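There are 2 protein chains.
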Amino acid sequence: MVFTKEEYNSRLTAIKQQMSKKALDILIITDPSNMNYTTGYDGWSFYVPQGVIIALDHEEPIWFGRMQDSKGAKVTTFLKEENILGYPEDLIQSPPRHPYDYITDFLNSKNWANKNIGVEMDSYYYSAECHARLMDQCPNATFHDAHLLINWIRYIKSDNEIKYMKDASILVQLGMQRAYDSIKPGVRQNQVAGNIQQSLLSGKDEMGGEYSGLNIILASGVSASASHLTPTDKKFKENEGTIIELGGVKKRYHCALSRTVYIGKPDPKTNDTLKITNEGVERAIEKTKPGNTCHDVAVAFWDVLEKYGLEKDSRCGYSIGLGYPPDWGEHTLSIRKNDMTILQPNVTFHLMAGMWMDTWGLEISESIRVTENGCELFCDFPRSLHLI
Amino acid sequence: MVFTKEEYNSRLTAIKQQMSKKALDILIITDPSNMNYTTGYDGWSFYVPQGVIIALDHEEPIWFGRMQDSKGAKVTTFLKEENILGYPEDLIQSPPRHPYDYITDFLNSKNWANKNIGVEMDSYYYSAECHARLMDQCPNATFHDAHLLINWIRYIKSDNEIKYMKDASILVQLGMQRAYDSIKPGVRQNQVAGNIQQSLLSGKDEMGGEYSGLNIILASGVSASASHLTPTDKKFKENEGTIIELGGVKKRYHCALSRTVYIGKPDPKTNDTLKITNEGVERAIEKTKPGNTCHDVAVAFWDVLEKYGLEKDSRCGYSIGLGYPPDWGEHTLSIRKNDMTILQPNVTFHLMAGMWMDTWGLEISESIRVTENGCELFCDFPRSLHLI
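Each protein sequence line maps, in turn, to chains A and B. Per the working numbering, residue 1 is the first one in the first sequence, and the count goes up by one each step. Per the working numbering, residue 1 is the first one in the second sequence, and the count goes up by one each step.
In case anyone wonders, no lab produced these hints; they're calculated from the structure. A few of these clues could be false.
What the hints assert, rightly or not - Chain B is faced by these chain A residues, among others (derived, beta-carbon under 10 Å):
1. S45
2. Q68
3. N111
4. N190
5. G203
6. A219
7. L310
8. D313
Unchecked claim - Chain A residues, not near chain B, derived (Cβ > 10 Å throughout):
9. K5
10. N140
11. H147
12. K265
13. E279
14. W302
15. K307
16. P345
17. E372
These numbers come from a predicted model, not from an experiment. Ideal Cβ positions, reconstructed from N, Cα and C, are used throughout, including at glycine.
Please model the entire structure based on the sequences and the hints provided.
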């Protein structure tokens with residue numbers, strides 16, 4: 001058990017309160033992060049349909065998934081066996097049959113198919129087909145969009161969740177240091193990525209890490225002008241900058257960190273842009289405290305950029321914490337102008353200053369926890385351009 | 001360019017032929033593998049809505065995605081700039097707005113919103129919300145399920161695709177050997193996983209690898225009774241078996257390999273079950289040749305299991321090749337009884353004998369190419385129980 005039964009119970013209570021408020025009898029969850037949050041389930045089985053059903057009139061959540069993965073649910077969740085549903089193998093990737101045929105049968109058998117049912121319309125792995133099967137086969141149900149209902153409950157972290165993110169911060173700093181130590185002219189990008197992964201996963205002392213919701217982002221030269229390219233056979237070379245974005249992960253909780261490396265003597269535009277970006281990051285951190293909004297933090301960041309005539313169209317941050325591929329972001333707050341979400345103690349976000357220019361780029365980021373009076377950084381890692 | 005323009009063109013021709021056959025004017029793709037197959041696009045950006053539009057009356061595919069990722073499309077695809085559409089940042093994770101509002105505007109602007117439009121109803125990252133936006137905002141379009149249309153074109157690999165899978169086979173064998181060399185009593189699972197990742201990514205000589213569609217599966221003891229658990233801080237110990245499932249990846253093409261390791265002297269049930277499983281794997285390989293069906297291969301495998309009274313409910317294989325998280329499977333053939341798909345030269349699949357028992361488990365697998373007269377294994381790696 002990753003958290004106490006009490007912590008899972010308090011999560012469930014908060015969810016059921018929200019369900020009542022929104023007049024939902026049933027909630028069907030498919031986002032693997034929300035499945036983990038409500039049951040502890042942890043397995044790389046989200047490539048087939050699976051989910052968790054929460055019903056106001058049923059005490060425990062109900063896990064459903066492929067029969068062979070139900071053993072993983074027994075190993076990783078606190079659920080009673082009666083609340084673990086494995087659907088038959090012959091529904092796997094054999095259209096026209098589909099695993100949701102089983103789910104709709106189950107809903108009908110429980111007399112839940114004529115209820116108000118919340119579904120996560122825009123969550124990962126809730127395909128158009130899953131939704132179409134539910135609507136077709138439960139014609140007396142009323143479906144409501146409950147996307148982000150649980151994510152907003154996850155918005156404020158418990159101290160136990162923060163502890164895992166602090167563990168993750170140790171891992172991500174090991175990974176970034178390994179990157180710094182490995183990058184040399186003539187070395188392949190994927191050799192460096194291999195070293196980074198070794199550090200992120202092996203960790204140190206008694207603690208190692210896990211696969212990340214977002215893979216290692218590492219790109220050099222013109223490829224650093226794009227935000228999400230990944231390591232290749234390309235070799236590092238002189239007079240090129242490299243962006244590196246990494247996640248340390250403990251019990252599925254993430255700490256992200258981005259830095260920029262340059263081999264040789266950086267040109268003035270790289271140096272200047274990094275200085276300006278760092279000034280923006282510092283102003284944003286100063287504005288991060290309870291009661292301020294995401295908008296306030298964004299204004300502080302962009303005021304600096306605008307002072308120097310620098311442009312950046314994309315947001316400069318988002319909530320971070322519990323995650324599975326393809327993301328470590330929690331899809332609640334964004335650090336951008338007009339996001340009026342109010343910061344509160346134990347809100348955590350990734351302040352991400354990615355400057356993707358015409359033919360080059362740089363990245364500086366920090367994972368941040370809002371404290372009672374201000375904020376603290378998860379990592380203690382210099383933000384300067386790292387020179388090789 | 002990962003493939004020649006001619007190869008991309010021939011793929012597009014085959015897709016447009018299928019579209020004509022099914023009376024589709026427009027095809028909207030969201031599976032990242034299919035996006036890569038049609039355009040070469042390669043980036044970890046599938047955590048936000050993105051896709052490729054193919055229109056019978058438009059020569060090139062059209063990539064769409066977040067504005068900041070459009071630079072990645074310029075770097076990795078062969079598309080003309082006019083066929084790369086970046087949608088504005090303020091649509092990112094800011095409901096009630098949604099990126100598909102932009103896509104429906106685009107379809108309307110091209111006069112495509114009253115056409116027959118194919119969508120991949122059950123593909124990864126095509127959420128219920130994406131589909132609802134399309135239907136609401138293109139009320140004069142007729143939507144058809146085109147799920148797997150492209151996957152079935154991918155069913156037979158080109159020689160160039162096979163070459164990348166052979167590169168991937170070198171990587172996955174390095175990874176498995178590293179696992180064998182690293183597992184010792186008292187070592188943490190994630191230390192071994194770190195070493196494995198280093199080998200999978202760093203590769204050797206001039207070639208390294210990429211992140212896999214399926215993460216490292218590694219589980220010991222009772223956790224090996226489940227199919228998809230991943231490495232933790234748990235330490236290896238005497239008299240326990242460990243299942244390991246790995247993927248080598250080159251240019252997004254996968255070669256998978258599973259083996260079982262035992263520390264100490266294995267009990268008779270582990271030894272016997274492994275021998276039976278290996279006999280089944282051998283019979284299945286013998287039946288793998290053009291003209292035979294997946295059913296034929298499955299019968300050969302299960303005949304052995306039944307002879308010895310062993311049960312296995314889950315399929316024992318599936319098509320493999322091009323993939324992105326969460327999967328390396330291609331969702332076409334399955335090796336199971338009554339799958340009457342006919343094998344043909346350059347069909348590739350992962351013959352996966354996972355035996356997940358009550359309180360323990362074992363795995364043996366091979367990635368296989370169907371040849372002109374039979375088949376060949378991508379790897380040359382002993383299938384015996386590896387003893388530490």
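Take a quick look at K307/A and tell me if its Cβ sits farther than 10 Å from every Cβ on chain B, holds or violated.
holds, 21 Å
How about S45/A: closest beta carbon in chain B under 10 Å, or not?
holds, 4 Å
Regarding the assertion that K265/A does not contact chain B, is the least Cβ-Cβ distance greater than 10 Å?
holds, 25 Å
Least C-beta distance from E279/A to chain B larger than 10 Å
holds, 22 Å
For the restraint on L310/A, tell me whether the closest CB of chain B is nearer than 10 Å.
violated, 15 Å
Please settle this one: P345/A was flagged as non-interface, so is its CB more than 10 Å from every CB on chain B?
holds, 23 Å
Find the nearest Cβ of chain B to the Cβ of W302/A and say whether that gap is larger than 10 Å.
Since the minimum Cβ distance to chain B is about 13 Å, W302/A lies beyond 10 Å and the statement holds.
Supplied contact hint for D313/A, tested at 10 Å Cβ to chain B
holds, 5 Å
Should the hint that G203/A touches chain B count as held when the rule is a Cβ pair under 10 Å?
Cβ of G203/A sits 7 Å from chain B, so the hint holds.
Holds or violated: is there a CB of chain B closer than 10 Å to the CB of N111/A?
Violated: closest Cβ of chain B sits about 24 Å from N111/A, beyond 10 Å.
Interface hint status, Q68/A versus chain B (Cβ within 10 Å):
Result: holds, 5 Å to nearest chain B Cβ.
N140/A clear of chain B by more than 10 Å, beta carbon to beta carbon?
Fine: 19 Å to the nearest Cβ keeps N140/A off the interface.
Going down the numbered hints, you'll see the structure goes against 3, 7 and 11, while the others check out.
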